[in-house]
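Chemist: Generate the whole structure from the sequences, applying the supplied hints.
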Amino acid sequence: MKDIGKKIEQLNVTDNKEKKALKKKHRDTTRNATGSRQGKSRIPVAKAVSPVTSHSSSTTKECPKCGAAMTLKAGRNGKFYGCGGFPVCRYTEKG
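If you count the sequence shown from 1, position 63 lands on 113 in the working numbering, and the numbers rise without skipping.
In case anyone wonders, no lab produced these hints; they're calculated from the structure. All residues carry an ideal CB built from backbone N, CA and C; glycine is no exception. There's no promise every hint is true.
[Unchecked claim] FRET-style restraints, in silico, Cβ to Cβ: (1) K57 to T80: 22 to 28 Å; (2) D53 to H76: 21 to 27 Å; (3) A83 to M51: 33 to 39 Å; (4) A71 to R126: 54 to 60 Å; (5) K75 to V138: 55 to 61 Å; (6) D65 to R126: 53 to 59 Å; (7) A83 to Q60: 21 to 27 Å.
Modeler: Written as structure tokens, this is what we have:
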């Protein structure tokens, strides 16, 4: 245990000039390893965003209470259809 304490004390830097030098060295090595973070992205935005496709089916259910579209949801008791106008209309059916 005394060995570990001594090694930790050796790693502790108290001089401000040494701290600044260590921070600068660390910053430089991390920037060189990963590249500058300013304005660089690994995936261009145009490729990162996939186009959204609509999956509408002809069997879309309609809420009998308010007429909004019903959406299939998954809850802790299984799948169910919930009303699309949810906070106002709370109608549900088993899915």
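Chemist: All hints are to be evaluated individually against the structure, with a verdict given for each.
Modeler: A quick look at each hint next to the structure:
At roughly 24 Å, the beta carbons of K57 and T80 sit within the given window of 22 to 28 Å. Between D53 and H76 the CB atoms are about 26 Å apart, so this pair conforms to the stated range of 21 to 27 Å. Restraint check, A83 to M51: a C-beta distance of roughly 35 Å satisfies the suggested window 33 to 39 Å. Between A71 and R126 the Cβ separation comes to about 56 Å, which falls inside the hinted range of 54 to 60 Å.
Separated by about 60 Å at the C-beta atoms, K75 and V138 satisfy the suggested range of 55 to 61 Å. Checked against the hint of 53 to 59 Å, the pair D65 and R126 passes, with Cβ atoms roughly 58 Å apart. Here the CB-CB span from A83 to Q60 is close to 25 Å, well matched to the stated 21 to 27 Å.
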